[in-house]
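Q: The residues making up each chain are set out below.
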Amino acid sequence: MSEYTAKDFKKGQPRWCPGCGDHFFLASLQKAMAEIGIAPYDTAVISGIGCSSRLPHYMATYGMNTIHGRAAAIATGCKVANPNLTVWQVSGDGDGLAIGGNHFIHANRRNIDMNMILLNNRIYGLTKGQYSPTSPRGFVSKSSPYGTVEDPFRPAELCFGARGHFFARAVATDAPGTIEVMKAAQAHRGASVCEILQNCVIFNEGTHESVYSAEGRKKNAIYLQHGKPMIFGENNEFGLMQEGFGLKVVKIGENGITEKDLLVHDAHCEDNTLQLKLALMEGPDFPVALGVIRDVEAPTYNDAVEAQIEDVKGKKKYHNFQELLMTNDTWEVK
Amino acid sequence: MSEYTAKDFKKGQPRWCPGCGDHFFLASLQKAMAEIGIAPYDTAVISGIGCSSRLPHYMATYGMNTIHGRAAAIATGCKVANPNLTVWQVSGDGDGLAIGGNHFIHANRRNIDMNMILLNNRIYGLTKGQYSPTSPRGFVSKSSPYGTVEDPFRPAELCFGARGHFFARAVATDAPGTIEVMKAAQAHRGASVCEILQNCVIFNEGTHESVYSAEGRKKNAIYLQHGKPMIFGENNEFGLMQEGFGLKVVKIGENGITEKDLLVHDAHCEDNTLQLKLALMEGPDFPVALGVIRDVEAPTYNDAVEAQIEDVKGKKKYHNFQELLMTNDTWEVK
Amino acid sequence: MTKNASVVDLDQVVVRFSGDSGDGMQLAGNIFSTISATVGNDICTFPDYPADIRAPQGSLTGVSGFQVHIGADKVFTPGDKCDVLVAMNPAALKTQYKFCKPTAAIIIDTDCFQEADLKKADFKTLNAIEEMGIKNDVIAAPITQMVKDCLADSGMDNKAILKCRNMFALGLVCWLFNRDLTVAANMLKEKFAKKPGVAESNIKVIQAGYDYGHNTHSSVSHTYTVDTKGVKDKGTFMDINGNKATAYGLIAAAEKAGLKLYLGSYPITPATDVLHELAKHKSLGVTTVQCEDEIAGCASAIGASFAGALACTSTSGPGISLKSEAMNLAVIMELPLVVLDVQRGGPATGLPTKSEQTDLLQCLFGRNGESPIPVITATSPTDCFDSAYMACKMALEHMTPVVLMTDAFIANGSAAWKLPKLEDYPAINPPYVTPEMKETWAPYQRNAEGSRYWAIPGTEGFTHILGGLEKDNKTGDISTNPENHDLMTHLRQEKINKIQVPDVEVMGDADNAELLIVGFGGTFGHLHAAMDEMRAAGKKVALAHFKYINPLPKNTASVLKKYKKVVVAEQNLGQFAGWLRMKVDNFAPYQFNEVKGQPFAVSEMVTAFTEIYNK
Amino acid sequence: MTKNASVVDLDQVVVRFSGDSGDGMQLAGNIFSTISATVGNDICTFPDYPADIRAPQGSLTGVSGFQVHIGADKVFTPGDKCDVLVAMNPAALKTQYKFCKPTAAIIIDTDCFQEADLKKADFKTLNAIEEMGIKNDVIAAPITQMVKDCLADSGMDNKAILKCRNMFALGLVCWLFNRDLTVAANMLKEKFAKKPGVAESNIKVIQAGYDYGHNTHSSVSHTYTVDTKGVKDKGTFMDINGNKATAYGLIAAAEKAGLKLYLGSYPITPATDVLHELAKHKSLGVTTVQCEDEIAGCASAIGASFAGALACTSTSGPGISLKSEAMNLAVIMELPLVVLDVQRGGPATGLPTKSEQTDLLQCLFGRNGESPIPVITATSPTDCFDSAYMACKMALEHMTPVVLMTDAFIANGSAAWKLPKLEDYPAINPPYVTPEMKETWAPYQRNAEGSRYWAIPGTEGFTHILGGLEKDNKTGDISTNPENHDLMTHLRQEKINKIQVPDVEVMGDADNAELLIVGFGGTFGHLHAAMDEMRAAGKKVALAHFKYINPLPKNTASVLKKYKKVVVAEQNLGQFAGWLRMKVDNFAPYQFNEVKGQPFAVSEMVTAFTEIYNK
Ligand SMILES: Cc1ncc(C[n+]2csc(CCOP(=O)(O)OP(=O)(O)O)c2C)c(N)n1
Ligand SMILES: Cc1ncc(C[n+]2csc(CCOP(=O)(O)OP(=O)(O)O)c2C)c(N)n1
Ligand code: SF4
Ligand code: SF4
Ligand SMILES: [Mg+2]
Ligand SMILES: [Mg+2]
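Residue numbers (the working numbering), protein chains in the order written: chain B, 32 to 365; chain G, 32 to 365; chain L, 1333 to 1947; chain Y, 1333 to 1947.
Extracted from the complex, chain B is given alone in its bound form (with noise of 0.2 Å):
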């Protein structure tokens, strides 16, 4: 049993606007943290800038709130100079796609270990509503009075396209989801990248609609789970089946399937092909996952980092200054 209540983890009054989703993501993310056990001076949380990255202002850890798209690149050097700390990167869809992409990117590809949530509410919030790289297409906003002409960025297919090893999905106004997912982060070795769909009542009021309530997700989610048949619907009467390359929404019972039928989740198979096809279901065809989709063991560079230096520490010679200096072609002078 942890020693630590959700309190432990409180800090101040939170700022964001009434009914924000950011507020239901931190009690969430509190009470795994007091779940998981580990002292909140042994966690750093990092976050960029955006309303979601104020979170670390409101946790009782070690923390930054940093500067605009640069949370990952310096939790990663957090995470590699003190190996200790338990990580926690908080971004907004705007920090950590838009400027922060290639961070994203990198960091998922090196495998840093620490736990990257990306508040996604399709839009750039603190800075009062201008489309991001994850608001479909054709949104209007302020910066895109007709709409915008482009494709969204979907996080899990570029975090699998950047060689990640873990990709979970929770709801913000889900706290059973979401502390699952944050437990499942915190005990995978490696970057954990949580997907969390969180709702800006200011200026995207809605976009994650089909799936924000409880009883929309009974309707339109499915809740994967590791070694367990894809079965959803209100009444646990859809399952899913591979189709070629894809997959089929079936109805249990009709035309001779039955639970034995379905596909089964595997979060730890090495190849993402139907992990990436599980991520992409979008209404109204198909649910919406969550839970834990991809959770594949690999090395990770901060381990790798340390085991080298242990290596080389064996091999080597010379171990401070004074020796190093000898190592060079020296004369003396009498």
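The set of hints was computed from the structure by calculation and includes no laboratory data. It is possible that part of the hints are untrue.
Covered by chain B, per the in silico footprint, the following chain Y stretches (three or more residues, Cβ under 8 Å) [what the hints assert, rightly or not]:
no., stretch
1, 1364 to 1375
2, 1578 to 1585
3, 1636 to 1648
4, 1793 to 1805
Yeah, the Cβ is synthetic: ideal placement off N, Cα and C, and Gly gets one too.
Please build the complex by placing chains G, L and Y with the ligands on the supplied structure of chain B, with the hints as guidance.
A: Below, chains G, L and Y with the ligands without anything else, positioned relative to chain B:
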């Protein structure tokens, strides 16, 4: 028939090391441009910084050899501002995927109509031999004397992760293969990523050894052609088949397998699952895929920008500055 | 307090609207400004947004203010302190009272001064006025209730009804200043053209507010009129803030130059509104690309410039840091580019919604190598138009990036603006290559002004390559030749040095001032007001306010050395003073520096300057 | 030309090795320097790389040079011009001859002056010497053939054999200076420890070159010795270039402070060697992360600093532009960070392999907002060690980013370095929080020096948040309070102003100089040499060379105002002069500026300074 010859695209004396793959690529590019037949003065070649980024200096077109990593962003502005130009963006693996990674993914996502050439020698050439984001794990270089501790990007995977619609691969020394790919890239309306396997004779000699010679390619590569079955081998004796969500190599004639059983390449398939599998194939178990791997039509950003301007022009009643002024609340002082 | 109000005629008055972020104070303030301007007053406004998007409702950090200064004659600032304060809730009263003159009248909504409201604003008693020791006239009106009553039959829901509280307050203020409501009605009709019902309700509420004041004669000593007797520029006017004026300046320059306007940008407070504004005007062919970051914003603009557009990139201080490498590329490639820096509080993310002048040295020097860039600083909301226009002209005609600096204060502040006529503005003539040059031309050949020629892709006979490496001073080929590099370094520098800019004007007691006030950019209004006040007090004072920073006007040294005492006043720790010291021999001025994120207070400056004066 | 060589004793001599990039000139030069240093001479070297990786073999742009200055007494520069030039091919002769003194001896490989070779270097005739009008002594030796003969039995292939040509030339030079070959032999044995055959062959070829000179007495008038009589520092020495010395300085400081050394970096010429050097020393626990770009390099270092490491990021000018936003974050968060800028030619990509001092103002001012950062500029290859050490100490003890500036010239140039003892270096004491502070501590509480305390994550009782937004001057909570911002702006500035740095030393005629030469950073050697030369000519001259730029030494103003004439000499258009003008009242010095990407020429400076002197 084009009115141009390769000579019309040539300028100056390339300064790369003798034997550098960039020499071969340059020659093929110039031939391809001549065959394409767009005037040199309607063509802009835009690069970043690196050995490979010196390329525009040897082209008799408009060109810019800019700053490190920004070629895709600069080319974006060039194309959007002047859609009549044919824009080629040239980068090395460092320029395009390290410092330029963000622009690479966003240009793909937006689908800017330009040809994005990635000269991949898996090394920083110009700065004399540091590992790059495409160097394999364990790679020993000046900046990784004990080997790297990170996995490389696989350019196709990153391109797809960013929703890229065109990806092709050619070997620098393979003139026909390169020319074909260049022409296909130009024919494709939208962002066309072409990975050129290029050898740095000084700092990474042999990195693409298995496919760098014509004999090597006969043994170790497969030339993918849209609508054609996937056959390869020195005597066209092998083929590719689907297995679950994956691929397998089969011998034609063995186990009753005929050409009919093989997968047929569909570069136009919207779903990129199979294309990705093909792009990721590696020796020794699989051949390296060359040619146009993905080529899917999609709306381009620049076309959509133009269309939106036309559309709004039709709808709004003000079309010059004085008219704009009069759309405001004004008052008269007499 | 008396219930019998007389009408007092004023030369100028300052009104401050304040309330919760959601209370619509900016709209109320805007309408009141426009009404006043329409009748012929001069106006100068200052919106004072809270830093947070939406702090908890009713909290001290969530207060939004809008101040407008109205004058019979020219007004230069939004005013240090106000004559009338509207405080829609206790938090507003608590945080905004400090902006009141001792004689100010205060309007509050008593319905919002209930126990719960008072608690949110950390009041300890139930009487806010007493608790704060306020002795001013207070118009305490049950605004909420009256709005509810007024719209009871409107069919609107409670939330929508409450949104009209600001209009009641506006009506009251209009009564207080004997303003005609027709203009307000027209403005609302236009604003809510698609929702005539909403317009109607708002108009109804304004009228109710007005009538309430009129009928009760409220609890003030007098109502006011502000004369319109001042000598007036005649013509058509509008109210415009600096960001919009900047956008308009870019549009005007593009049209004059016959070029497509391209903006590559990434949102950032307080510059984003320029992107918003330009994005609207696709019917003028304006192309705006919201990029993945600031670097791409600048880089894409460089691509657009190469391709033949009038290319701009807009940002604030942190964005300039990011763009600096790409700006430098434009320097060495000698391509036209306008870089807009709407300054905010720094360093780092700093104070995003606040204003200061701390980016000057960054804009001048924040690039590797010798990298000269012209810098122009707009001096007022309306001057943003002219400055933007001139920045474009300079960039295009001299083939160079130009930094246009404004700041949050003038970007968000507004003033009455006489609509310009494009034909009155100087022509813009980029040094295009001409067909005759085909044989002899080389990419780095220069004209008499030292500028290279512009050959736009698509033009036959002029293919060439530009780049970030040092290049031969004619052919543009890469060159590491030491003499060539020294030469190119000087050619680039001299090209900028030679740009013609107007002499700096000396205002006030130009001939015999004891003290010269020196400033630059967005503080013009405040410095002018300080000078006026000192002169009114019989002191001999002059003002030299700089708009062109690099190159400096030719008469800079002679102006600065002419007066016995000089004080450089700026909202930083002395950056402009430092720049002048670098450029003018033996110039060691007094300095007045404040870095508070707030506009200067004229009164504080007068005190400080007078002290220097009397030294 | 005489065939009868006598031995001449010299005080100092300059030798320049030059050839194609592939000819191994750097190695030959390095060995010769070390041999000379070993016998007790002082040395100063300058590798002059071509800009291109590998220009076409034998071409004019592919020439690589290495110059070494050897002195009986202290030498300050690699020398303007050389006494001996080795030119391995016609391209080398053509491009390097300009570095020859009129009396210089030239060594060429006649086998490489054949028709094809001459053509590659654009010679028109078959006699390069005549064509160029060279009148110097020329040792024309068939080097290639003799190397082939010498290694005929070695079993090496032709390519490998040809790689030994440089050693033949080295042997010849050693003969010319009567150098003992043992040191060379030992160095080669170590360098090729894993390939004893190669070492052997190289040694054999050196001996052959030496013998060839000896046997033929070649075609020179005399051979030389350079005395070792100068008063010598005793101890153990090594030859070290600036980049390596910088890396060593960082390592030493980390060890002294008891912290892990972290470098976040992205490759860029000429800074990359620092990354290379540090990457080697994992056995000392050094962590190097090659990041995706410069921004990440700096950002990750900030993360590492927060986490409790001695954090550094290394780059050159363009990288500083990119890092500036993140550097600013370190300023406002008040975290220790060392930012290394190895300057190269600008603007933009500029001249990547060349040297200049044009980043000074960028390092001082290239960030939004008021953003003070200490700047230290190393003055010589060996001083890079001390400067790096002091930069770390300053960063850690004052909780601030510090910019350490070097340049391509001192980064690649080398000199003899007396091995330091870490115990002789000052202790490094960061202001860590202590357990006793738990109750009272706040993140922005400051110590007597104005520095906040360092609470490293993992420490119980000190959890806190840092950030890029302006913060309360005690608690660190986000604050937009105007007075607080003004206060914080001043606190940050004063913290830097208060840092103690040593007084600037006046060298030469400190008491009665007619002319004070002022410089900073990597030009120290050249300025010192210029001063020496002028004093030798009977002039009263002093030198004040600055290493600490921000804050400036306390005695700066008094030193600068003490002398009648002052000239500020720098490799830019006057950046340091500008900075001094900003900081020192009524300081209007003469200026000497050159932006050629090359080291100063002492002779040119002496001429220019003498002109000023005589004015
Ligand atoms: C360098 C820089 N560029 C731009 C900004 C302005 N900015 C602040 S937050 C933000 C985007 C916020 O969007 P997101 O990351 O999605 O966070 P949200 O507010 O939606 O939670 C922007 C553009 C900045 N602070 N710094
Ligand atoms: C801002 C900046 N950072 C770093 C560099 C140094 N640099 C120049 S090219 C290069 C990498 C080259 O690698 P790549 O793009 O793969 O090209 P290649 O030389 O291998 O063709 C680097 C790091 C630079 N010029 N500018
Ligand atoms: S603006 Fe949107 S994202 Fe920001 S706090 Fe408000 S609701 Fe949340
Ligand atoms: S260093 Fe490598 S990539 Fe660069 S020119 Fe030479 S061979 Fe080509
Ligand atoms: Mg967002
Ligand atoms: Mg490369």
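Q: Look at each hint and say if it fits the structure.
A: Going through the hints against the structure:
1. Counting residues of the stretch 1364 to 1375 of chain Y whose C-beta sits closer than 8 Å to any C-beta of chain B gives 4, which meets the bar of three, so the coverage hint holds.
2. Counting residues of the stretch 1578 to 1585 of chain Y whose C-beta sits closer than 8 Å to any C-beta of chain B gives 3, which meets the bar of three, so the coverage hint holds.
3. Restraint check on the stretch 1636 to 1648 of chain Y versus chain B: 7 residues with Cβ-Cβ distances below 8 Å, three needed, restraint holds.
4. Using a Cβ-Cβ cut-off of 8 Å, 9 residues of the stretch 1793 to 1805 of chain Y lie near chain B, which meets the minimum of three, so the contact claim holds.
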